[in-house]
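Using the sequences provided together with the hints, build the complete structure.
Chains as they are written, first to last, in our numbering: chain A, 1 to 302; chain B, 1 to 286; chain C, 1 to 248.
Some clues are possibly wrong.
[Claimed, not checked] Part of the chain A face toward chain B, derived, beta carbon under 7 Å:
#1 Tyr86
#2 Ile89
#3 Glu96
#4 Leu100
#5 Ala144
#6 Ala148
#7 Glu151
#8 Ser267
#9 Ile271
#10 Ile278
Hints were generated in silico from the structure; no laboratory data involved. Predicted model only: the values in this text are computed from it and were never measured. Even glycine gets a Cβ: it sits at the ideal position worked out from N, Cα and C.
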Amino acid sequence: MIGYLTAILVVVLISALVALALNLQWGQAGMVNFGIFGFFAATSYVAALSSLAGYPLLISLVLAILTGVALSALVALVSARLREDYFAIATLAFAEAVRLFLLNETWLTGGANGLPGIPRPLSAYSSGQSYELLFFVMALVLAAICFAFAEALTKSPFGRVLRALREDDLVAATLGKHVLSFRIWAFSAGGAILGVAGYLHSSYFGYIDPTQFGAFVTAYAFMAVIAGGRGSNTGLLFGAVSVMVLLEGTRFLKDLMPFLDAGQAASLRLILIGAGLILLLIYKPQGFFREHRLRVDKGDTK
Amino acid sequence: MLQILLNGIVSGLLVALPAVALSLTYGVLNFPNFAIGSMITFGAYIALFFNVDIGVSLFVAAGLAAVGLAAVALLIDRLVYRPLRGADHVTLLVASIGVYFVLENVVRFLFGSDIRGYDVTVARPHRWMGLRVNNEQILIFVVAFLAMVIVWFILMRTPFGRAMRAVSDNPDLADVRGISRNKVIALVWVIAAALCSTAGVLIGMDGIIDPLMGWNYVLPLFAAVILGGIGNPLGAVLGALIIGIVEEMATLVLPTTYRQAVSFVIIVLVLLLRPHGLLGKPRISR
Amino acid sequence: MTEPLLKVEKLCAGYGSGDIVKNAGFTVSENGISTIVGPNGAGKSTLIKALVGLLTPRSGSIILAGKDVSKMNAPAKARAGLGYVPQEHNVFRNLSIGENMMLAYEFIAPDRAGFSAARDRVFDIFPDLVGRESDLAGNLSGGQRQMLAFGCALMPHPSLLLLDEPSAGLSPKYVEGMFAAVKAVNDAGVCILMIEQNVREAMAISETAIVLAAGEIRAQMPAREFMNHPDIHALYMGAASTRQQEGA
Ligand SMILES: Nc1ncnc2c1ncn2[C@@H]1O[C@H](COP(=O)(O)OP(=O)(O)O)[C@@H](O)[C@H]1O
Ligand SMILES: [Mg+2]
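This is the structure in structure tokens:
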């Protein structure tokens, strides 16, 4: 039971980190990263490869973060000045290009078979159930650091400028050139968090392949950010946790409806994700934690 | 070389059908519809159901698929996009990702994830002036060409086509011209559905049918639409032809598995160099 | 006095929270030209958008020729006889001039046969447009575009034509022509309600002046009286003493 609980919690934490990154990029800076799964995949693979190459935890983690930052900066550099919808297309195209690379460069990535046997960090210190707990604590610490980082950014003058940019074209116009660098920084900060998420993902599961990184990651992340109230980190925590708990809950659909085969149960889950996303947009576009967000915003603008 | 050009044109025409659909919905509804790929898939499977499970000819099945997909598109518009009318385009494009999940997985739920095929006999390719041409290619050429002509005629020569272009040019002004936006949008969905399901059937005849078949076309579609200039359906046709030919030529130097990378490169280049598309001047904005 | 062509009562409209147009009430009588004047940002354009249905009124009523049209959407109002030329973005720029004129007619006017007669009438008023049907509307100069927009609104023969600053942004040469055109159209039997900043020229052809400031109708009076008013400034700024002038 503890094992199952920690497993769910780790998965929730990883997804929350992806959503946290999106919240910085889209929620704060208005950059619609539809290809977030591509960045997540890239950092996961870098973490996996460096762990497989025998590098210790810290080095793999730093490499994953650097990958996230570098790729984000690169993509942002190229496309930060694009209109929202073009930006979404560009990032999605990037993610698909990453997927193509992962599928086809078999010598490096194992292609469709993926990378098995990724060493688990800290396994020298513990094993079995207590290892699960240890990993969860590590994930929790890393997530807390990321959260503090995002919150600090949000509260800083930098975060205020970002929100002003998002909401008011006039501010954007007066800031002129700086807008671009602000946006690139924000996008890269999100990339750093995706690096942490990628590291946790590959080292927790010990096996990665390209199917783990699809558009559904984008859908989860958008659901969490919208449910939490776009732009609010605290709201996002609730959003990510409740969305993930709901989604994990749908795994029990199969037990409820034994007449479905495994494939049908899986697709039913994804149908529910799609429908959930749509319902959220129609009925709760401001999220479930609006009041909270307003309070945070007021605190900022004094 | 000529063979490559021919193959490129044919695969470009295949992209052109849904690219026109994407361009029309982009212009009139003002958001990039990421569910376009799953519309192709859905159409292909409706035809599969009628062709394989019911046993009607593929020709009839394709017609039924167009009707069926149009009904599905109208239902989705009513349930999803109409309540979100007037929302910003990020909301709409996130919603279209939701629609993509629902459509693709309804297909998986009903038909499974295995590779399927239509019940048609494959004829041997013809040889003609040193070129290898198979029946599917001729069919794609004829059908796509006809579809383009019909859409062009509707757009440029009928009141409803004018109304469509008017709504995509300036929706408020279209309102005061007495044009009912919901009717125009409904018509756009019907046309888009017909184009997507036709493309789905042609893709299924030429290749394989599986739930991912449409998603694989999403990048080339967006590349074609961006290349042609957003909201410009005729530009999208040109864009699609270019994508098809460049992809085919790229296979000379790149492994075929990287075909789709061509679209990625084209999207990046166009957005960087000519965000208004190839067709000359920036589209005059509202 | 006969029943007015347009009667607006207690109209409130706005975009986000809060009303821009507050409790507006005025009438437009048959046949004449009425002109709405007021400072920038007063809500003049907003008022007109609420009248044509681009903005749903939050409360109040709009009676056109004795019929309550308050709840109608913009296409329905257009078919009910309300024509409108927006202040900007008033032509389909990616469509040709000919297509613009067709679109202005075919979804409003019931009979297709009247199209060429309607077009010829517009060509009579704006001869500059003749022979240019296949040109893209977006390539027209500001003045010509304004003419096209005006001409399009005339195509279905509206009973009331709303013009939002028809002379704004035009060179002096065109301003004069524009007012002449407004007068000519009115003489041909189309009742006109317009917004204008060129107050003097506008009042010269208007019967009625309506003053809108800070979203409220401050006064409605005959145009001549308005021009001779001792304290137009007070009218604009809305000193309470001028409110007695209301009602013409
Ligand atoms: N689309 C809009 N959304 C929100 N506010 C608007 C919009 N259009 C105009 N406003 C606001 O409404 C007020 C009145 O504008 P408008 O009716 O255009 O004034 P006028 O035409 O008298 O100059 C202004 O304060 C303006 O900022
Ligand atoms: Mg105005």
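Violating hint indices (sorted, rising): Hint check: 5, 6 and 7 fail, others pass.
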